[in-house]
Amino acid sequence: MSAETKKNQESALHLENVTMQFGGVVSVNNLTLDVPKGKIIALIGPNGAGKTTAFNCITGVYQPTNGLISFMSQPMVRTYPRGKDAKIYKGEHKDTYAGQPVLTPTPDQITQLGIARTFQNIRLWKSMTVFDNVLTAKHMRAKQNVFSAILRTNMKEEKRMREETMDLLKEQGLESFKDELATSLPYGLQRRLEIARALATNPKLLLLDEPAAGMNPQETFELADFVHEIRDKYDLTVFLIEHHMDLVMNISDYIYVIDFGSEISQGVPEVVQSDHKVIEAYLGIAED
Amino acid sequence: MAGYICLLLLIVTILENLSMFIPGMPQVLQPTSPLFTVLKKGAVYSLVAVSMNLLNGFTGLFSLGQAGFMLLGAYTYAILTVPAKMKDQVYYLFGGSLLKTSLVDIFGAVFGTEGVGRAIAMVLGVVLAIVLAGCVAAFFAYLIGLPVLRLKSDYLAIATLGFAEIIRAIFQWQRLGPITNGANMIKGFPTFTSFNITDSSGQVLFRLSTFVPFLVSSICILLIILLINSSYGRAFKSIRDDEIASEAMGISLSKHKMLAFVISSFFSGMGGALFAMYVANAQAKAFTSVMTYEILLIVVVGGIGSISGSVIATFLYVACSEWWLRFLDSEMVLSSGFKVPLLRNGFRMVVFSVVIMVIVLFFSRGIMGDRELRLPGISARPVRPKSADKGKAAANAAAQTVTEEKSSDEQEG
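Sequence order for the protein chains is A and W.
Under my numbering, the residue at position 36 of the first sequence is numbered 36, and the numbers go up by one with no gaps.
Under my numbering, the residue at position 345 of the second sequence is numbered 345, and the numbers go up by one with no gaps.
You may find that some hints are simply not true.
Dumping the calculated SDA-like pairs for lysine to any residue here, alpha-carbon to alpha-carbon at most 20 Å [what the hints assert, rightly or not]:
id, chain 1, residue 1, chain 2, residue 2
1, W, LYS255, A, LYS159
2, W, LYS255, A, LYS170
3, A, LYS159, W, ILE244
4, A, LYS170, A, ASP132
5, W, LYS152, W, ILE225
Computed list of chain A residues with no C-beta within reach of chain W, every gap over 10 Å [stated by the list, open to error]:
id, residue
6, THR59
7, PRO75
8, THR106
9, ASP108
10, PHE119
11, TRP125
12, ASP132
13, HIS139
14, MET140
15, GLU158
16, GLU164
17, THR201
18, GLU222
19, LYS277
Just so you know, these hints were derived from the structure itself, not from any lab.
Note that this is a predicted model, so its numbers are computed, not measured.
Where a beta carbon is used, it is the ideal one built from N, C-alpha and C, also for glycine.
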């Protein structure tokens with residue numbers, strides 16, 4: 001995929017000059033990347049490179065210090081360094097977005113737009129059953145209000161939500177565990193449940209934060225197929241962070257590599273794999 | 001569910017009226033018996049405890065403002081229902097009340113002031129006043145919630161506790177005397193005993209004074225249960241479990257926390273109105289932080305996150321403090337002349353404290369934990385694995401789990 005063909009495709013998510021600075025530490029530095037619709041894009045990098053911070057900027061957990069994030073060609077997050085941040089700002093493009101309206105949606109508003117995520121260290125609702133975990137994620141799209149919910153005049157909707165939840169669980173092979181506590185599942189299934197829960201919010205873009213972490217080779221192998229499967233079935237775009245190189249090279253259409261917050265390489269898996277900058281970042285520079 | 005509530009109300013009504021129709025009933029069933037004090041106060045407190053559990057147990061917001069919202073409810077109810085002819089007497093220090101009429105009088109003008117018309121007017125006036133008491137508490141909760149709900153755990157607790165104390169001080173302010181009667185109590189409004197059916201000479205024909213708090217409380221608690229089992233209830237629980245995950249799944253934290261806070265305060269306000277009816281007066285100094293701690297204690301003893309636990313614990317607590325442990329407060333001399341040591345005024349509280357410490361140390365999950373009392377006919381909730389080991393075993397295969405659970409049940413049986 002060359003740069004030209006990429007431009008022709010409609011982009012689902014586009015980051016432009018995104019910088020995230022915590023005090024004097026620049027975690028994400030001037031990151032620009034594009035996630036085209038219907039593709040599986042990976043973001044990789046060594047530990048502490050700023051991958052999860054980038055994810056947190058996209059999902060609204062953090063508000064970036066500077067930059068523009070568009071979703072489905074609509075500006076979603078737009079900030080520039082203001083006040084105290086402006087004085088200590090170390091990044092570039094300081095004035096590119098100055099004066100434009102600042103957009104800092106909260107995570108739930110971003111999910112409402114159609115971006116769902118999973119977490120690096122699984123965050124299931126631990127006192128709830130597998131079924132309730134998925135069902136609760138459907139709450140956002142429900143049309144009820146608190147009175148219709150208390151007086152049970154929304155039974156039709158509730159019934160539909162339950163049916164959809166059951167379908168999702170069946171599809172993930174979790175239906176036999178539906179009344180178990182979410183935290184009593186083995187690790188691999190908890191990851192699957194987290195993905196099922198994310199799918200319950202009817203996303204257009206799915207962000208997976210290290211989906212293979214803690215999985216054994218067999219589970220990792222299955223995960224690759226699984227991600228393709230849900231992408232096709234739900235017409236999703238997938239953007240993932242992953243450490244597991246086999247999986248990344250196998251699964252992704254395009255890869256961005258970052259180190260110390262800045263992009264160091266990008267390209268299709270074969271290109272990235274042989275890029276000496278990437279090898280250096282991961283393995284260190286040869287002494288001689 | 002509704003069937004059980006009707007049954008409970010029926011039992012309470014029968015208990016209350018037994019001494020009326022069958023002579024020679026034991027002391028415990030006489031109207032002056034502590035049993036009915038316990039039932040009335042228990043009904044009032046269980047509503048407040050459940051409303052606090054909705055916030056602390058189900059939404060994970062540690063708020064200690066309950067007494068403040070109860071105070072708002074109690075005063076709203078009292079101010080709105082003191083009959084016009086009582087006003088000068090109650091507000092004598094301030095030369096009468098600013099509010100010249102009451103809800104009961106307004107309805108009285110419509111339905112008449114005698115016989116059945118008077119009864120209808122009183123019931124309507126009281127019901128409307130109780131609902132308005134909840135609304136006022138909910139409105140204040142909204143205002144307080146705007147700044148305060150950004151805080152987490154201990155900070156939220158301190159802020160709400162501070163709010164309750166400030167409200168109490170404001171209601172004791174002499175300048176507000178024409179409305180709140182300053183630091184003096186408001187009395188003379190309809191209480192639970194006003195609902196007893198009497199003949200023209202004032203002779204009681206049929207008692208409803210315990211039925212009324214039970215009716216109001218059970219309707220409110222039923223509404224809270226319906227809320228908790230709805231989609232909103234699940235959203236509340238998800239916030240308690242993991243805020244970050246909830247937000248990432250599109251559940252607005254600010255909106256849902258506010259909702260839980262306002263609803264909880266609404267029912268606390270109604271509980272406050274019932275409390276005013278129970279003690280037959282409204283006075284700000286009754287609603288101290290001690291009252292909040294009392295309710296928090298009930299919630300903890302009953303099990304954080306269990307409605308039935310809160311209700312059971314309320315009645316146990318109230319029965320102990322008002323009835324069963326009363327004997328500890330009075331000196332006892334046995335027939336042999338032996339004076340039982342330690343029994344004197346105040347010893348009840350010592351025993352109470354010890355019991356509470358034992359519960360917190362050894363039964364920290366309370367009576368019910370986060371489970372609910374399950375009665376036949378009430379839709380069964382999913383059965384949870386009893387231990388982590390079982391959960392792991394369950395993960396191997398579903399079919400296996402079923403057989404395992406069966407066998408372990410057999411072992412237990």
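Verification of the supplied hints:
1. LYS255/W with LYS159/A: Judged against 20 Å, a Cα distance of about 24 Å means the pair is violated.
2. LYS255/W with LYS170/A: violated (32 Å)
3. LYS159/A with ILE244/W: Since the Cα atoms of LYS159/A and ILE244/W sit roughly 27 Å apart, the hinted pair is violated (cutoff 20 Å).
4. LYS170/A with ASP132/A: holds (14 Å)
5. LYS152/W with ILE225/W: violated (25 Å)
6. THR59: violated (6 Å)
7. PRO75: For PRO75/A, whose nearest Cβ neighbour in chain W is about 20 Å away, the distance exceeds 10 Å, so it holds.
8. THR106: violated (7 Å)
9. ASP108: violated (4 Å)
10. PHE119: At roughly 7 Å from the nearest Cβ of chain W, PHE119/A sits no farther out than 10 Å, so the non-interface label is violated.
11. TRP125: Violated, because the least Cβ-Cβ distance between TRP125/A and chain W comes to about 4 Å, which does not exceed 10 Å.
12. ASP132: At about 6 Å from chain W, ASP132/A fails to clear the 10 Å cut-off, so the statement is violated.
13. HIS139: With a cut-off of 10 Å, HIS139/A comes too close to chain W, as the shortest Cβ separation is near 5 Å.
14. MET140: Contrary to the label, MET140/A does not stay out of reach of chain W, its closest Cβ about 3 Å off (not over 10 Å).
15. GLU158: Given a closest Cβ separation of 7 Å, the condition is violated.
16. GLU164: holds (13 Å)
17. THR201: violated (5 Å)
18. GLU222: Holds, because the least Cβ-Cβ distance between GLU222/A and chain W comes to about 16 Å, which exceeds 10 Å.
19. LYS277: holds (33 Å)
When each numbered hint is compared with the structure, violations occur for hints 1, 2, 3, 5, 6, 8, 9, 10, 11, 12, 13, 14, 15 and 17.
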